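Novice: Below, each chain spelled out in residue letters.
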Amino acid sequence: MIPGVSINEILTLTSILFFIGVYGFITRKNLISMLISLELILNSSIINFVVINKYLYPELLQGMVYSIFIIAVAAAETALAVAIIINIYRRTGSVEVSETETMKY
Amino acid sequence: MNLINLLLIPAIPLVVFLVLGIFSHKIKPAASGVIGVAGLATSTLLSYYTAWQYFFVTEKVNGVYQTFVEKTVWINFTDTLHIDMGVLVDPISVMMLIVVSTVSLMVHIYSRGYMKGDDGYTRFFAYLSLFTFSMYGLVLATNLFQIYIFWELVGVSSFLLIGYYYTKTSAIAAAKKAFIVTRFADFGFLIGIFIIGFYTNTFDFQLLNDPQGPAILTWASSSFMGLSVITWALILIFMGGAGKSAMFPLHVWLPDAMEGPTPVSALIHAATMVVAGVYLVARLFPMFYMVEDGFALQIVTYVGAFSALFAAIIAITQTDIKRVLAFSTMSQLGYMMMALGVSGFDGHEGVGYMASMFHLFTHAMFKALLFLGAGSVIHAVHSNLLQDMGGLRKYMPVTNITFLIAALAIAGVPPLAGFWSKDEILVAAYSNSQFIYGIGVFVAGLTAFYMFRLYFGIFWGKDRQYKHTPHESPASMTIPLIVLAVLTMVAGFVPFSELVTADKAGFEAHLNLPLAAIAVGVGALGIFFAWIFYKKENDLASRFATAFGSLYKWTSHKFYFDEIYLFVARTIFFKNVAAPIAKFDKKIVDGTMEGIGNQTVVISGKIKGWQSGRVQDYAFAFIGGVVILALVFIYIFNN
Numbered sequence: 594m595i596p597g598v599s600i601n602e603i604l605t606l607t608s609i610l611f612f613i614g615v616y617g618f619i620t621r622k623n624l625i626s627m628l629i630s631l632e633l634i635l636n637s638s639i640i641n642f643v644v645i646n647k648y649l650y651p652e653l654l655q656g657m658v659y660s661i662f663i664i665a666v667a668a669a670e671t672a673l674a675v676a677i678i679i680n681i682y683r684r685t686g687s688v689e690v691s692e693t694e695t696m697k698y
Numbered sequence: 025m026n027l028i029n030l031l032l033i034p035a036i037p038l039v040v041f042l043v044l045g046i047f048s049h050k051i052k053p054a055a056s057g058v059i060g061v062a063g064l065a066t067s068t069l070l071s072y073y074t075a076w077q078y079f080f081v082t083e084k085v086n087g088v089y090q091t092f093v094e095k096t097v098w099i100n101f102t103d104t105l106h107i108d109m110g111v112l113v114d115p116i117s118v119m120m121l122i123v124v125s126t127v128s129l130m131v132h133i134y135s136r137g138y139m140k141g142d143d144g145y146t147r148f149f150a151y152l153s154l155f156t157f158s159m160y161g162l163v164l165a166t167n168l169f170q171i172y173i174f175w176e177l178v179g180v181s182s183f184l185l186i187g188y189y190y191t192k193t194s195a196i197a198a199a200k201k202a203f204i205v206t207r208f209a210d211f212g213f214l215i216g217i218f219i220i221g222f223y224t225n226t227f228d229f230q231l232l233n234d235p236q237g238p239a240i241l242t243w244a245s246s247s248f249m250g251l252s253v254i255t256w257a258l259i260l261i262f263m264g265g266a267g268k269s270a271m272f273p274l275h276v277w278l279p280d281a282m283e284g285p286t287p288v289s290a291l292i293h294a295a296t297m298v299v300a301g302v303y304l305v306a307r308l309f310p311m312f313y314m315v316e317d318g319f320a321l322q323i324v325t326y327v328g329a330f331s332a333l334f335a336a337i338i339a340i341t342q343t344d345i346k347r348v349l350a351f352s353t354m355s356q357l358g359y360m361m362m363a364l365g366v367s368g369f370d371g372h373e374g375v376g377y378m379a380s381m382f383h384l385f386t387h388a389m390f391k392a393l394l395f396l397g398a399g400s401v402i403h404a405v406h407s408n409l410l411q412d413m414g415g416l417r418k419y420m421p422v423t424n425i426t427f428l429i430a431a432l433a434i435a436g437v438p439p440l441a442g443f444w445s446k447d448e449i450l451v452a453a454y455s456n457s458q459f460i461y462g463i464g465v466f467v468a469g470l471t472a473f474y475m476f477r478l479y480f481g482i483f484w485g486k487d488r489q490y491k492h493t494p495h496e497s498p499a500s501m502t503i504p505l506i507v508l509a510v511l512t513m514v515a516g517f518v519p520f521s522e523l524v525t526a527d528k529a530g531f532e533a534h535l536n537l538p539l540a541a542i543a544v545g546v547g548a549l550g551i552f553f554a555w556i557f558y559k560k561e562n563d564l565a566s567r568f569a570t571a572f573g574s575l576y577k578w579t580s581h582k583f584y585f586d587e588i589y590l591f592v593a594r595t596i597f598f599k600n601v602a603a604p605i606a607k608f609d610k611k612i613v614d615g616t617m618e619g620i621g622n623q624t625v626v627i628s629g630k631i632k633g634w635q636s637g638r639v640q641d642y643a644f645a646f647i648g649g650v651v652i653l654a655l656v657f658i659y660i661f662n663n
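Here the protein sequences line up with chains A and B, keeping their order.
Those letters in the first sequence? Residues 594 to 698, by our numbering.
Those letters in the second sequence? Residues 25 to 663, by our numbering.
Quick caveat, the hints were computed from the structure, so don't treat them as lab data.
The structure displayed is predicted, hence computed values, not measured ones.
Heads up, a few of these hints could be off.
Below, in silico cross-link-like pairs of lysine-lysine (DSS-like), each with a Cα-Cα straight-line distance of 27 Å or less [what the hints assert, rightly or not]:
1. A:Lys697 with A:Lys622
2. B:Lys486 with B:Lys599
3. B:Lys630 with A:Lys697
4. B:Lys607 with B:Lys200
5. B:Lys192 with B:Lys52
6. B:Lys486 with B:Lys607
7. B:Lys140 with B:Lys52
8. B:Lys632 with A:Lys697
9. B:Lys560 with A:Lys622
Here chain A stands alone, though its shape is the one from the complex (with noise of 0.2 Å):
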């Protein structure tokens, strides 16, 4: 609880966070830039969580758990992804989306 900030100021704040991560897994070229851009999602998702706890159900926990658990849950992706784009680097030699267009019909 912020004093003199309402929650829709907040989740205001997110759903800018989240679009611009959305835009940027979009449009961003590199696969880290992306995997940066997924984390960002992550992020609003996780400070949502947290606020609506705090804002509306004060007495409960849950939403931080889970903040808490989706923190981890993002650290394990995280690893795998990064997995992922070495071994598509040792391929291709680069890290770029476009070397992944193959897996198609």
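Following the hints, put chain B in place on chain A, whose structure we already have.
Specialist: Relative to chain A, chain B alone:
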């Protein structure tokens, strides 16, 4: 009656069939012949034992032979309507057991010589066993459905054996023809069975034939187009019988069936399977006789009489010796049907029934003998055609004598078997209708004529030079001939009227001398004409043929029945009914299904380009979709 014995009779051929069929590539031909003959010999002994037990050991009750039935419910529909499996022993089934066993055993032994060196030797014996099994099952059936099952089984074994030389196009065509024509007839049979089942609530022979039973007592209660429904059912059942027994107009398959090996013709298309139709009518005889005062039986009479005459006329002009015999078989089967038709029921009234069964019995012996003799001739000359033969009596003495005995028997010369049974038939016909009697006598004369035309044509006639000097057949073929010849001589003395009658009580039969004299006289006349025409080579026959030009042509083409049927089937039916239906099926039914499949392929070909492989496109589509959905939901829930 011992049930185990009875069940073993059909079971042994079945086991032989399975063994020979499954291990057909492992068993040596010599062994398979021995297995077949040994199996059937056991069955034959059991059949004779059963007959002896039934006729001479088991006591008659009030002078009537009792029917022995042992059955178990197989498929249950209602309390009264169920399909049973079991065995039924009464005088006609015992008589048929004897016929089937004897002829089948002789044919088995004969085949060991006739089929020697053939590639499908084991297969042949397996089929023969299958056929024998089915025929036993047919004979012993306790109800309409059981007889129908085995009826189809004999049909399929007949099909397999006609098409035995499956590399020959004509044999395949003949097999198909036989199957389709008899199957067409069996369709009527099946509908008849259904009608009987629906209106009387039973398939059981004993109940159906019981004068107090549901069929005979209540035939008048339901009618269709002026006739009792039960009569219609009987007519349809007779249609099945007519198909199997090659009655006009369903006779076209029998001459073509001669494409099969000759022992098969002897067994199936002369002695056993083709009499199944006669047997069926005899089996349901009380029904035929009592329902609607024997209306269905009248049809049996006239179809039989006409077939007898029709086939005898055609037989005169045929040049393939097996086809002559085939038409002769058809003619004699017509005789049997006719005898059943003119029969009464009680005591001496039932002489027609007795005569029919008697003729069935004797005919099986001498017709099998004729066919086996013809097979022996074909084996020696390597041709079926009469013009390739002549003067064979010097080369084949045993075949000559046995063939002569059989020909005399079928011509009705006393004291051979055919004389006795034919005489009884004529007696029965005489007491019923002068017209039927007249046909019977005329056919008897024709029979004698064409049979001796055949005999003189094969064994006398011109002395000709053969490329390979013909020789007498081996002992395995001549022994069955001799056995059957002996049976042909003695079979007439079986006191048939005391054993096999419609009311199962038996009566004293005595020779009707004037009628017998007329029959023998007509037969002798036929033989005499054949003697003049064919004994020595002369041109009398061909001069007669030219004198009767168009009639001769019609007859030698079997009155163009094959052509008529082909015309009806192909030009009328196929073109106007079957072809449009096929078109509808192909264009509309198949077209709809294929259209759906094709459209799916086309559409998927167009939209698969959307799957670009770029992960960002997917993400864009996904998020775009979510945004659109979100907007939609917001729009909905805000209102």
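Novice: Run every hint past the structure and note whether it holds.
Specialist: Structure-based check of all given hints:
no.	hint	verdict
1	A:Lys697 with A:Lys622	holds, 19 Å
2	B:Lys486 with B:Lys599	violated, 49 Å
3	B:Lys630 with A:Lys697	holds, 15 Å
4	B:Lys607 with B:Lys200	holds, 25 Å
5	B:Lys192 with B:Lys52	holds, 25 Å
6	B:Lys486 with B:Lys607	violated, 58 Å
7	B:Lys140 with B:Lys52	holds, 12 Å
8	B:Lys632 with A:Lys697	holds, 9 Å
9	B:Lys560 with A:Lys622	violated, 111 Å
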